[in-house]
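Please work from the sequences and hints to get the whole structure.
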Amino acid sequence: MTGSTPEIRAYRWVICACSFLVMFVGQGMNFGGLSVFDIQLMNTLSESMGQEILKSDIKLRDTIMLGTAALCGIGSGWLADKVGVKPLILVGLALLAAGNLLYARIEVLTEIYWVSIGMGVMLALCGLMINVYLISSWFDKYRGLAIGIVLAGTSLGNAFFPKLNTWLIGIGGWRQAFEVLAWIALALVPIVFLLLKNGPMSAGKREVSVMGSTSTILSGYTLREALMSRNFWVLATIAMCTFYSILGMQANVFIYMRESDFPPQVAATAVSILFLGGFFGKLLAGYLAETFGHKLILLTGLTLMLVGGIFLTTAIALSSTITMWVGLIGFGFGWGGIYTLIQLLSADLFGMRALGKILATINILDAAGGAAGPFVTAKLADMSGSYFLPFAVIAMLLFVAFLAAMILDMSKATVLQKQVA
Numbered sequence: 001m002t003g004s005t006p007e008i009r010a011y012r013w014v015i016c017a018c019s020f021l022v023m024f025v026g027q028g029m030n031f032g033g034l035s036v037f038d039i040q041l042m043n044t045l046s047e048s049m050g051q052e053i054l055k056s057d058i059k060l061r062d063t064i065m066l067g068t069a070a071l072c073g074i075g076s077g078w079l080a081d082k083v084g085v086k087p088l089i090l091v092g093l094a095l096l097a098a099g100n101l102l103y104a105r106i107e108v109l110t111e112i113y114w115v116s117i118g119m120g121v122m123l124a125l126c127g128l129m130i131n132v133y134l135i136s137s138w139f140d141k142y143r144g145l146a147i148g149i150v151l152a153g154t155s156l157g158n159a160f161f162p163k164l165n166t167w168l169i170g171i172g173g174w175r176q177a178f179e180v181l182a183w184i185a186l187a188l189v190p191i192v193f194l195l196l197k198n199g200p201m202s203a204g205k206r207e208v209s210v211m212g213s214t215s216t217i218l219s220g221y222t223l224r225e226a227l228m229s230r231n232f233w234v235l236a237t238i239a240m241c242t243f244y245s246i247l248g249m250q251a252n253v254f255i256y257m258r259e260s261d262f263p264p265q266v267a268a269t270a271v272s273i274l275f276l277g278g279f280f281g282k283l284l285a286g287y288l289a290e291t292f293g294h295k296l297i298l299l300t301g302l303t304l305m306l307v308g309g310i311f312l313t314t315a316i317a318l319s320s321t322i323t324m325w326v327g328l329i330g331f332g333f334g335w336g337g338i339y340t341l342i343q344l345l346s347a348d349l350f351g352m353r354a355l356g357k358i359l360a361t362i363n364i365l366d367a368a369g370g371a372a373g374p375f376v377t378a379k380l381a382d383m384s385g386s387y388f389l390p391f392a393v394i395a396m397l398l399f400v401a402f403l404a405a406m407i408l409d410m411s412k413a414t415v416l417q418k419q420v421a
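Our numbering applies: residue 1 is where the sequence shown begins, and numbers increase by one.
The hints are simulated quantities; they were obtained by calculation from the structure and are not laboratory data.
Please note: incorrect hints may appear among the correct ones.
Claimed, not checked - Distance windows between CB atoms, simulated: (1) Gly172 to Leu318: 38 to 44 Å; (2) Arg105 to Ala187: 16 to 22 Å; (3) Thr222 to Asp140: 35 to 41 Å; (4) Ile322 to Arg9: 45 to 51 Å; (5) Leu389 to Phe280: 27 to 33 Å; (6) Ser384 to Thr222: 41 to 47 Å.
What the hints assert, rightly or not - Simulated crosslink set (DSS-like; lysine-lysine; CA at most 27 Å straight-line): (7) Lys141 to Lys295; (8) Lys163 to Lys82; (9) Lys163 to Lys295.
Computed from a predicted model, the values in this text were never measured in an experiment.
Glycine residues also receive a C-beta, built at the ideal position from the N, C-alpha and C atoms.
In structure tokens form, the structure reads like this:
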């Protein structure tokens, strides 16, 4: 079991820090950070191509990226079970650096779509699923806290990079900004190479002999058993609805703010506030889940996110700036709690026996929702001329997620693990 030796108990926090950095950079660049380039990309491509580029044209990029990540998810989950996550993360970081360099040289819309395919592969190799797998293989006790810390890296990155990128664009233009981002991604490669190790509960290539641990018999669900359980489909429904909602919101809130005549730095602040709320939500949820139970904290997060979505929709109808800011905070804070609990529940409900494959399968389903979110939200805004309708759709999906969470059966969480033991 993880934590059986002092060396492992100490080193797992080094792993947690490495995973935090990977999520901070990879997710921050690819989601919140990328959205602040949209206005520049639309203007540049409209001029170079001689035709108007719509919001939905740009947001199709996110659909392609997340769809690619979903398709590659099964493969990366299988590889994680076979060889561990370290080589996957190294390749993913190299792809992230290459993708930013290619973005700096974009001239036509189709080039964005091709780069997005590469970024989707990157997400499959060093994104959410792989890092949750890594942390789950190192932690049993404090797993909720560790996952919360790592996922907080996503929120901090998504809060940090919009501000950084807006500043970089202001001083050197958007092409130079992408080049700087490429170097930041590349700087992580030696850190990961030197410090990251596969976990003692990883089903892949173990490095535990270095740490003095004995081998572990992995318990939990097979992929087939997980697919036959109600909890799997409940969790997948929650993931699909909430990923659609957060990615649809974060990908469009900058454009919504700019179209509402807010200056670029204020619009970037809106994106940052959304994810700073997520940062505190993730840390707090990981801690509180260990004390008050996973289902209660999940429902609390969904309630906050739903209320935030309603506030944001109401803000458009009433043209209320205060309501908008309150909605962003609630939406982000609630999402942080949900994000942590979905990952934590995956490991707790299904165990480590086939966690890579199970996470990959859930990843395909939630990525389907996530892939639709940015594009459909932008398309509905293009068609209706307002963000009221797409934000209302987000609120409705969050209500569906809340109803699904109500029927999650936590009594089934450790049944098979106990049977194996």
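Range hint 38 to 44 Å (beta carbons of Gly172 and Leu318) holds or violated: holds, 39 Å
Restraint status (C-alpha distance of Lys141 to Lys295 at most 27 Å): holds, 18 Å
Range agreement (Cβ of Thr222 with Cβ of Ser384, hint 41 to 47 Å): holds, 46 Å
Cβ distance range 16 to 22 Å for Arg105 and Ala187, holds or violated: Hint holds: Cβ distance 21 Å, inside 16 to 22 Å.
Status of the given 45 to 51 Å range, CB of Arg9 versus CB of Ile322: holds, 47 Å
Restraint check for Lys163 with Lys82, where alpha carbons must lie at most 27 Å apart: Judged against 27 Å, a Cα distance of about 39 Å means the pair is violated.
Assessment of proposed distance window 35 to 41 Å (beta carbons of Thr222, Asp140): At 20 Å between Cβs, range violated.
Leu389 paired with Phe280, Cβ distance criterion 27 to 33 Å: Holds, since Leu389 and Phe280 (Cβ atoms, about 30 Å apart) stay within the stated range.
Given hint Lys295 paired with Lys163 - CA-CA distance at most 27 Å: violated, 34 Å
Consistency with the previously given hints fails for numbers 3, 8, 9, ordered from lowest to highest.
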